[in-house]
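Novice: Each residue of the sequence shown is one higher than the one before, counting from 6 in my numbering.
Quick caveat, the hints were computed from the structure, so don't treat them as lab data. Glycine is no exception: its CB is placed at the ideal position from the N, C-alpha and C atoms. Be aware that one or more of the hints could be misleading.
To be verified - List of simulated lysine to aspartate or glutamate pairs, EDC-like, C-alpha gap at most 20 Å:
1. K52 with D36
2. K51 with D40
3. K52 with E62
4. K108 with E93
5. K72 with D54
6. K89 with E100
7. K109 with D98
8. K103 with E113
9. K109 with E119
10. K38 with D50
11. K44 with D54
12. K103 with D91
13. K103 with E119
14. K103 with E114
15. K44 with D34
16. K51 with D34
17. K55 with E66
18. K108 with E119
19. K52 with D40
20. K44 with E33
21. K70 with E59
Unchecked claim - Label pairs and their calculated CB-CB ranges:
22. E59 with V23: 51 to 57 Å
23. L78 with L118: 56 to 62 Å
24. K51 with V30: 31 to 37 Å
25. T82 with L49: 28 to 34 Å
26. K72 with D36: 49 to 55 Å
27. D91 with K120: 40 to 46 Å
28. L41 with K70: 40 to 46 Å
29. I99 with K120: 30 to 36 Å
30. F60 with K89: 41 to 47 Å
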Amino acid sequence: MNNKNLKKKKINKKDLTVEERHFGVILEDIDSKLDLVVKGHQSLDKKIDKNHLEFQEFRNEVNYKFKVVTETLNSHTEMIGSMKMDIEIIKQDIEFIKHGLRKKVDLEEFAVLEKRVSLLEKRQ
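All chains should be modelled from the sequences, with the hints used to inform the complete structure.
Specialist: Dropping the structure here:
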């Protein structure tokens with residue numbers, strides 16, 4: 006732009022026609038508007054870079070949290086598997102105890118049998 010300004014200064018304004026001056030004004034207007042577009046583009050470029058950095062930080066945070074959740078889920082899956090095996094063992098133990106108790110006489114039956122035996126012993 007500095008070269009253009011120098012060239013403009015070298016041209017004698019008195020030698021220019023009205024159309025040439027009008028054209029020069031239009032060029033200056035276009036040049037100033039183009040400068041605004043360039044500044045706007047630079048501003049948008051900075052905003053895009055800032056948003057990109059924020060997005061990268063957010064993405065890294067989400068990746069970290071996802072990794073933590075995955076590790077926790079894997080740990081819980083292992084614990085659930087271990088508990089399932091423990092529950093199966095407990096079920097087997099309960100079945101064993103139930104079968105053992107069925108073979109034994111309960112207190113009420115024992116009391117009835119005891120009375121019968123004592124009656125039989127008295128008769129003899």
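Novice: Quick one: which hint numbers does this structure break? Sort them smallest to largest.
Specialist: 1, 4, 5, 13, 16 and 25
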